[in-house]
Amino acid sequence: MMLKFNLEAKYAIKLVAATGFFLVNKNFIVLAQVLLTLMYVVISYFLSQVIRECGNNIELKLTDRKSVAHFMKNYTRIHTLVHKFEKSFSWQVLFLVISNFIELFPLFSEFLGFNVSQHVYKIEMITSSSLSSLSLFSIVIFASQVDSQDRDLRRAGVLQFECVRRNTSWRRASRQVHEIEGSSYSECMWFVSVQ
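Okay, so the sequence shown: first residue is 1 according to UniProt numbering, each after it adds one.
Because the hints were derived from the structure by calculation, they are not lab data.
Note that the structure is a prediction, hence the values are computed from the model and not measured.
The beta carbon of each residue, even a glycine, is placed where N, CA and C say it ideally should be.
Some hints could be false.
As the list claims (entries may be wrong) - Derived CB-CB ranges, DEER-like:
#1 S148 <-> K14: 48 to 58 Å
#2 I141 <-> L38: 12 to 22 Å
#3 Y45 <-> K14: 35 to 45 Å
Sequences and hints are given; from them, build the entire structure.
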């Protein structure tokens, strides 16, 4: 790094000292928590958009079995990626949502010159608990939306695969999708097997 930027020795030492101080300081931990939380939100939003696009662009040629198989293979990869992120981040995001505000509030109050007293910490705890419950509620809503879109997409994919296998027309398949809208996966499979 020093050779790449052609830094003089005194500036390089200052840069190393500032970086070391920043890494050792407590503010780095808080900043890392905030960055991880933002990264989780961005990744979650991106994955929800991917699943939504899969749901919107599921119109495939029913006569071409390769395109259906290709779509299902790619969607399975996306679904596996979603579950890996969900497994790795679900506990961390709960911890980060709860801890971020509690850590940042004293720093902001100290920076802005507030007199930190017991009263301020009571307000902080009330505010952080309400923010935590609001965040947990929003995470639950996000997870339920992704799950419902995933279920609808899988049901439509199963119907399309069965229609391709049985050489059913797209118009008849779309009627079947509308007829079994709102039914469970087992009912959907029973309906396809009866047809």
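Going down the list of hints, with the structure as the test:
In this structure the supplied range 48 to 58 Å holds for S148 paired with K14, their Cβ-Cβ distance being about 54 Å. Distance hint check for I141 and L38: the Cβ-Cβ separation is about 19 Å, which falls inside the suggested range of 12 to 22 Å. The hinted window of 35 to 45 Å between Y45 and K14 holds, with their beta carbons roughly 39 Å apart.
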